[in-house]
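The sequence shown runs 1 to 963 under the UniProt record's numbering.
Quick caveat, the hints were computed from the structure, so don't treat them as lab data. Where hints are given, some of them may not hold.
Unchecked claim - Distance condition first, Cα-Cα at most 25 Å in a straight line; then the derived DSS-like pairs of lysine-lysine:
| # | residue 1 | residue 2 |
| --- | --- | --- |
| 1 | Lys812 | Lys800 |
| 2 | Lys539 | Lys800 |
| 3 | Lys687 | Lys800 |
| 4 | Lys367 | Lys505 |
| 5 | Lys387 | Lys539 |
| 6 | Lys505 | Lys539 |
| 7 | Lys387 | Lys807 |
To be verified - Cβ pair distances, simulated, as ranges:
| # | residue 1 | residue 2 | range |
| --- | --- | --- | --- |
| 8 | Pro893 | Asp871 | 32 to 38 Å |
| 9 | Ala503 | Pro279 | 19 to 25 Å |
| 10 | Glu748 | Cys448 | 43 to 49 Å |
| 11 | Asp704 | Ser318 | 28 to 34 Å |
| 12 | Lys804 | Pro279 | 33 to 39 Å |
| 13 | Lys804 | Lys539 | 17 to 23 Å |
| 14 | Lys539 | Asp215 | 33 to 39 Å |
Even glycine gets a Cβ: it sits at the ideal position worked out from N, Cα and C.
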Amino acid sequence: MQRLRSRGTSLFGSIAAPLIKKKAVNTWGAVQDTYVSTKLKDNSQLGHAEVKKLVDPGSSAAATIATAGTTLVIGDDQCDWNSIQDEIYVSDFYNNSYGLGWRGGRWYATRKFRREQMKLLGQIKPKRWQLAKINPTGWQFQFLRRPLTRSRASESSSTKTSEKTLKVKDSTTAHTPIKIHQSLILLSGSAVASNQLFPHKAQDGMDALAAATDDGICITLVKTQGYACEEHTVTTQDGYILSMQRIPVGGSGGVPGKKPPVLLQHGLLSDAATWLLLPSDQALAFVLADNGFDVWLANTRGTKYSHGHTPLSANDSSYWNWSWDELVTYELPAMFRYVYKKTGQKLHYVGHSQGTLIALAALSKDKTLLNMWRSASLLAPLAYAGKMTSQFTRAAAEDVIANVPYWLDVQEFDLLGTAAIQLIVDACKKPGVDCSDLQSAIAGHNCCLNPSSSVALLAHGEPSSTKNIIHFSQMVTNGTFTMYDYNDENENRKFYGQPTPPAYKLENIPNDFPLYLFHGGADALCDVQDVQLLLDGLKYHNRNNLWVKYIDQYAHIDFVIGYNMVGTRTKLFSVSGVTAASGEEDAKAALSPTGSDDGICGSMVETQSYACEEHTVTTQDGYILSMQRIPSGRSGETSGNKPPVLLQHGLLMDAITWLLLPPEQSLAFLLADNGYDVWLANTRGTKYSRGHVSLSPDDSIYWDWTWDELVAYDLPATVQYVHDQTGQKLHYVGHSLGTLIALASFSEDQLMNNLRSAALLSPIAYVGQVTSPLARNAAENFLAEGLYWLGLDEFDPKGKAVIKLLKAICAKPGVDCTNLLTSFTGQNCCLNSTIVDVFLDHEPQATATKNMIHIAQMIRTGTITMYDYDDEGENMKHYGQANPPAYNMTSIPNDFPLFLGYGGADALSDVNDVKLLLDSLKDHDGDKLVTLYRDDYAHADYVMAENAKQVVYDPLMAFFKLQ
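Working from the sequences, and respecting the hints, build out all of it.
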């Protein structure tokens, strides 16, 4: 409902004036603590039609008619906020229902009156309420005298003197019309939406919440799914009585035993139902129980099932005098001790949002918990919130900080309460805040929500203390990870012994404690930059005990009700070395290539009237690589003993590289038409080579490789396969990274028995003098390392995180990104714009972030060595020496035929770096080393230039014929 207050004159003139005068002369000012409710049954004495008489006929806007300090409150479900012309006070919203009240000389309506309406209608039995009927000026109202105690206190505090009511100020700023009751509000794992929370019914237009039964979580959400469940209570040292639920066995039953216990802790403004809303084969609590864990669910103080306290009631202001500091100090230890005592075992822990915050704070502060704590999995981890991209949440936080005295007086923060709704409205009217989709405005665009589970989540939005909301707002506005700031040096000294609140220090978390962090690229609350600050605080953590998983498309809520999280959920605790029985989703078979089912043959070769075969090769370390064979030219000539040629693409590309130009210009087709048996390779991690015998690309370990592994495994496997299939030695053509792995392999005298010659286009060995501003800036600013540390194991150029990285580089002085390809490769002379468009349809491809780090190391050091773990101990472990071994280019056999093509405009394979390579080959046999220099060629020209056939490919084929 909305409350409009006129400035001493009627909004609707003569229509309303007589009725207002009748109210004004009544002496109801003596009734200071009264709730007024109108019946909505057919026999009600103030019906919908009668109330409509108070407003302009045909108007669909909610209206308030006020004079002489009085306000009549009228609500209508068709309200459009922009249609209201006067000052707006938000009290509450209900569909076609009206509530009138008088308090402190003002009329008002409160959320609480709806519950009392339901009592009057017989839907809820009244408890200790006395009804007294009076007849003011011929209107029949029912006055409800407030009992001495109530179960909740939010409305008493949120509807105090209207001087403390926040106004939605007049604004000329254009904004989207807001219909709050039709909007979804999700904040840190909680939700509210009135038209779903209160579905229509014919009798009274409203129904009680399905979730609002008194049977408890076990009965309503667990046992209904066929799982055993126990209700438990825990009392904290500061007197709060918390509800916990235990799921001791899976859905198939069994006897509870020594199963590893897991404690699940929900986020802000939600409760344990968070973990139970998906179907039983997807909800984390059920999946863990089915996989052999003893599951315990926590409910934070102030939520529906943890509303108790030893001496206090929720009606007492002292009850709400806490922030998440108290959850760290009292709640988490109490629940840990309780579960530990019940099970006799250390606990795994899973937290979401606020549940991660209190875990990190507790780990940094309370070493005694470590005796009961086995591991922690943190979903959408919060420690810092200063970089969050949710403009809505930032605007709300700024409003809260600007009005701390008001919010402290509210005490209980309830999303359905007057103050919270007003806060939402104020935030939505701020410039840059789009509330047309509140869920996305607050939490980010969640990619993978189950619609039915989203609706179920709405019914389980829970309150918190306003002091807690203030504490979160301090984190957002200050960008700090500290205890609650009393904003007064004396108060801070009183509580902390210092003028400013102490910081929680992440570096105090034991370095060997197993941590698993999940975060998403679309999360507007847990932003990637804030996670980076968190990881900076953990920079000394033992890498073997810190796992970071980045999911590019995930936002805040996806981590608890995303329908596709199940494969990851069952693996949450395998990181600690203690696992339960695996589910079917953990037994991963090799993946078939993603994308078109036709593959490269069907989509790029056969369409040009060439024969083509699809092949797969499995490396010694389990990667399943896709290869394509073009056994003959367009004429179909199939005579045997054609010399085989293997084409190996470069970084962030795949075999389509060789097929982008028309057949008379593309190297693969030219070779086939000139009598060669052409084989195309696709490096691990690219679109058609994402398979593995036991791993999935969703597994971090799948991406644990650099070009060292391409030298050791991919290249030997593909060369050996072609040799076995054809019975002949191969010619080899590599571009960019394809030249690097070839040179490294040749330097170790590998493959020589199976190769006939090698043509290296844009050769890469030394890259210390690259002139590419994108590549150099990324390397010098350790951006790949930052992505890796954030848990981005897969480097996907089309992903959100990499796009952010590119934007950061492009913003640097001297970096011109108006032509991104030029900024990366140099000024290519001879590309057809149509070919560039075709290229962008298929490329770029993914690689391992670790591979990008390796290349960045080469740029910074100017050397060609194996991957540097930046730790002498790790290098010793892998190489038996403190520094990574070098690939020695002088070790390449002097009699091996080499063709090198390089260009003067190449920003990646710079002329000076190529000269270093040629210096290393100075003892090479003169007739076995051919170089081709094109002054106008840059990096991409060698595979996509319109004139490449004449200036590069014809000389290349002539070279092959000599070998």
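Hints and how they fare:
1. Lys812 - Lys800: holds, 19 Å
2. Lys539 - Lys800: holds, 24 Å
3. Lys687 - Lys800: holds, 18 Å
4. Lys367 - Lys505: holds, 13 Å
5. Lys387 - Lys539: holds, 19 Å
6. Lys505 - Lys539: holds, 12 Å
7. Lys387 - Lys807: Judged against 25 Å, a Cα distance of about 16 Å means the pair holds.
8. Pro893 - Asp871: 32 to 38 Å: The hint (32 to 38 Å, Cβ to Cβ) holds, given that Pro893 and Asp871 are roughly 34 Å apart.
9. Ala503 - Pro279: 19 to 25 Å: Since Ala503 and Pro279 have Cβ atoms about 42 Å apart, the given range 19 to 25 Å is violated.
10. Glu748 - Cys448: 43 to 49 Å: Given about 45 Å between the Cβ atoms, the range holds.
11. Asp704 - Ser318: 28 to 34 Å: The hint (28 to 34 Å, Cβ to Cβ) is violated, given that Asp704 and Ser318 are roughly 53 Å apart.
12. Lys804 - Pro279: 33 to 39 Å: Holds, since Lys804 and Pro279 (Cβ atoms, about 34 Å apart) stay within the stated range.
13. Lys804 - Lys539: 17 to 23 Å: Hint holds: Cβ distance 21 Å, inside 17 to 23 Å.
14. Lys539 - Asp215: 33 to 39 Å: violated, 48 Å
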